[in-house]
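A.B. asks: Read off the chains here:
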Amino acid sequence: MTRFVCSFGGASERDAEPPGRATDTGSGADGPGIADADRAADLGGKGASLARLARAGLPVPPGYVVTTAAFAEAMTAVDPSGALRASVEALPPGDVRAIARAAVRFRARITAAPLPGGVASVIAASYRDLGGGPGAAVAVRSSATMEDSAAASFAGLQDTYLGVYGADAVLDAVRRCWASLYNDESVAYRRRLGMGEHDLAMAVVVQRMVHPRAAGVIFTRSPVTGDRSVVAIEGTWGLGSALVAGDVTPDSFTVSKVTGEITGRRVAGKLRMHAPGGVCPMPAHLQHAPCLSDGEIRALARLACRVEDHYGAPQDIEWALLGDDVTGIQDSPCAPCAPESPNTSSAPAGTKAPADASAPADASAPADAPAPAADRIVLLQSRPETVWAAREPAPVASPKPRACDHVLALFGKTP
Amino acid sequence: MEQGRFPLPSEIADVPGAENWRSMYAYFTRFTPEDDKRFWFYNSMHFPEPMPAFDTVTAEIPYSAIGANTARLFVFPTTLGIEHRIVNGRVYITANPVTDPAEIGRRAEIFGERAGHYYENWDSLYEGWKGRMAELIRQIEAVTVPELPEFEDASVVMESRGVAQNHYVRENFQRCITLFSKMWHHHTEMLMLGYGAYVVFFQFCKQAFPEISDQTVARMVAGIDVIMYRPDDELRRLARAAVDNGVDDLFTQGCVAAEVLTALRDRGEGGARWLEEFAAARDPWFLISTGDGFYHHHLSWEDDLTVPFTALPRYVAQVREGTLRDRPTGELQAERERIADGYRSLLGSDEERAAFGQMLGLCRRVFPFVEDHKFYCEHWFTTRFFQKIRAFGALLARSGVLAEADDVFQLHHTEVDQALADVMLAWAAGSPPLGGAHFQPVVAERKRMLKVLRDWSPPPALGPVPEALNDPAVHMLWGVTQQTIESWLSPPESGVVRGIGASSGVVEGTARVLTDVNQIGEIADGEILVCPVTAPSWAPVFGKIKAAVSDIGGSMSHAAIVAREYGMPAVVGTGDATKRITTGQRVRVDGDRGTVEVLE
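Those sequence lines, one after another, are chains V and L. Okay, so the first sequence: first residue is 1 according to my numbering, each after it adds one. Okay, so the second sequence: first residue is 1001 according to my numbering, each after it adds one.
For reference, chain V alone in the conformation it holds in the complex (with noise of 0.2 Å):
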């Protein structure tokens, strides 16, 4: 193959497979043993997030990564001799007409423009080897090099595609991930920060696209108090983007990581959805239900403490949770609030998510006598906790000659 495409999570060999085994299919996907920011400078931060955690035997649903060397090899195509990218460099950051000017230009010819051969070829071949047949829906989402809190807002303004059915419209879908690196506000971002625009690199996952029941985060570093010893779930019913798009108050929950305990539970009240129709009311008798049961939190984290594990350090995850659709909104209720159902979506665009978030997750549990919670738990992305990281309080004490002068140190303390 090429150097233009990993997979991860099982692909199409998924049945046969169990699943989380990545496998590589170019030279732009590497093996065991690369560190983490050469993956993430060929895989994006998302994207090599996700093959790590597949990787590790961790339960993602299989997909692939369009690489950033795919669209370095596009962007030869349409810029071959980069004086185009030359102009935009030289747009003063003030001059936001031109910036939007140069913006829309360079976004039309990236949409129309054909992709070179190669590239093309390997995406639609991957996108079959996904398997699911010709009909697959698909999540396509953008994953970017820069994933430091500066950029982070950068980040977010690129594009998320949900439910996208056969292989061009995942091509198309693909282009346009590249495209909204030329969106208004990122070039003018670009242009603020005097940023270099020929080395922009952006890689592009797609991935099995699913209905989880329950979706949300999970902090193995308490939040709120950068307690060490318990993991948060945050969850809500429908997709996991209601929760980062702040369109409900979701349920938290908190597990001490040494006795397995669920030491806190806070059911909200959920009054909004995220189904891949969009945005809807919850249903009444969603609202003040938990949207987890015990033996999923307890599943949930345990999985979480697995990825804390395999990274060594604490992890903010996205997961969602496959099992029967007990929305009983997938197919049709939320459709006048939604603003393209997937359903009748044909290509070129998926529906566009509010945010990348979004949960596609195989939703192929069983109807009836669903399985067992560890094994209906996918992994959406892993990043490493930086709020308390970045603040690590000073030891709580210190040794003392005798243990009992401790007890004296702390009565004695004038107060």
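I should point out that these hints are in silico values taken from the structure, not numbers from a laboratory. Any given hint could turn out to be false.
[What the hints assert, rightly or not] Here are the simulated distance ranges between beta carbons:
hint, chain 1, residue 1, chain 2, residue 2, range
1, L, Thr1099, V, Ala394, 19 to 29 Å
2, L, Thr1510, V, His288, 21 to 31 Å
3, V, Pro401, L, Glu1335, 27 to 37 Å
4, V, Lys400, L, Asp1304, 21 to 31 Å
5, L, Thr1510, V, Gly57, 41 to 51 Å
[To be verified] Below, computed lysine to any residue pairings styled on SDA-like, alpha-carbon distance capped at 20 Å:
hint, chain 1, residue 1, chain 2, residue 2
6, L, Lys1206, V, Pro395
7, L, Lys1206, V, Gly260
8, L, Lys1206, V, Pro116
9, L, Lys1206, V, Trp388
10, L, Lys1546, V, Glu261
11, L, Lys1206, V, Thr225
12, V, Lys400, L, Gln1207
Positions of the beta carbon are idealized from the N, C-alpha and C atoms, including for glycine.
Place chain L on chain V using the hints.
C.D. replies: Quick look at chain L alone, frame taken from chain V:
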């Protein structure tokens, strides 16, 4: 109560119908106008009911001992002792803090030397303590109540002893009081330091792991082979003995102790062998109180066999099924180590891990005392103490001063002294004592007042709210924190009873409210027990219930520890669960958050 402040002591009105409550209590327990300037709180943990006059000895003597220990013996730097007051039958307390830095420094020097001596020599000092306590128990058991015969035994004259029996009426009664006082001095001798070690470890855990639950800290420390489990273990042993000796058919649900014991006497050798085992178990293991040793009516198993004979049929059934398990001490031990190792490994540095090890090690060194002293003091000794006082009550009843023996507990111990003097004089003079006319109306009025006072809802605290409550020693002595006070000041939520989450888990079920341990037979399988205090003697029914809720108790209380071992949710220290929940209601017990929700 107005939002944001507690009533002043002087603002508390007498409960109508019990205006004469002051007559029951010593003058030094009354609020003075000066007391309005200080913060007081209701000690519902130890004194959840209005105090019968005699039972105030369980406040007077412990506070005399605790204060002596912290203020004078060990010289805790930041605190003197505790003062207590009684209003409308309820005990309020306040601690006297030391705030002058120079004074704290002066005290700290003495404290360091003295406390250091105890901590450093803890194990051998505890061995010595056990010996002293055993001696005190022997002495209280040896106290006799004189018979006051028509003629003294000849030996008094022939051996020229010269002292008549009526002298020993007072001497022996006073001996009970002074032995009780000595017991309490020994009780506090090591306890305050024991708690101190725990407070230090607790604070460390809370700082290093802000979201760790109180119960998890407790689990790292709790002893496995603890004497308080012995009574329950003895019941299991007796259940096996019943099966082994072929008398297990007598132990059926709802069986009555007296009938079973009578029937056993007709069951030949097997019955005799079981009764032998029973006799061996009773002393001392049945001297466990159904309360915490602060009220005369919290009887022991020995005084009332209802609790053990409610538990025995279930254990017997389990022996037959082969499902009766001993406490899995090996597993519990491994679990305790696993939890401690888990937290140790999560600490940020080797330095912290070393400090953690020191504090945990110290805690585990002192904890056998912290856990076991209760059996010696509040159960074994105190059961014997109340039995002796009841025996003096019987003397007063025989002499016509009181209508019945238990009425002695309606008299302050100084009044009992007076009543006994009356009996001594009457025996000597050859005339009837005069106390009947004096004391019997007093007793009747007090019993009536206590009933009235029982319905009064005491404010959780009185006086101005302290600005900051951050001294660990004061926390330790008071058992309340700034948060507790804030929750008292916020209006109660309807339908939610709040307490301390003592054992993890959430269950729903039907409530069974028991105000008296003697109703224990009413509990049906799978119910949620709601009771004033879950003392260790209730443990045998824990296998039957789904969750436990109590008015009184903390996360280190025995009930909490047992609930954790049964893996059963428990919420303790709710203050008023038995008043706000009624039998038959569906409730949800959340042992993580410490809440009980009334669902219907």
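A.B. asks: Does each hint fit the structure? Answer for all of them.
C.D. replies: Against the structure, the hints:
| no. | hint | in the structure |
| --- | --- | --- |
| 1 | L:Thr1099 x V:Ala394: 19 to 29 Å | holds (27 Å) |
| 2 | L:Thr1510 x V:His288: 21 to 31 Å | holds (23 Å) |
| 3 | V:Pro401 x L:Glu1335: 27 to 37 Å | holds (32 Å) |
| 4 | V:Lys400 x L:Asp1304: 21 to 31 Å | violated (49 Å) |
| 5 | L:Thr1510 x V:Gly57: 41 to 51 Å | holds (46 Å) |
| 6 | L:Lys1206 x V:Pro395 | holds (13 Å) |
| 7 | L:Lys1206 x V:Gly260 | holds (18 Å) |
| 8 | L:Lys1206 x V:Pro116 | violated (60 Å) |
| 9 | L:Lys1206 x V:Trp388 | holds (17 Å) |
| 10 | L:Lys1546 x V:Glu261 | holds (18 Å) |
| 11 | L:Lys1206 x V:Thr225 | holds (11 Å) |
| 12 | V:Lys400 x L:Gln1207 | holds (18 Å) |
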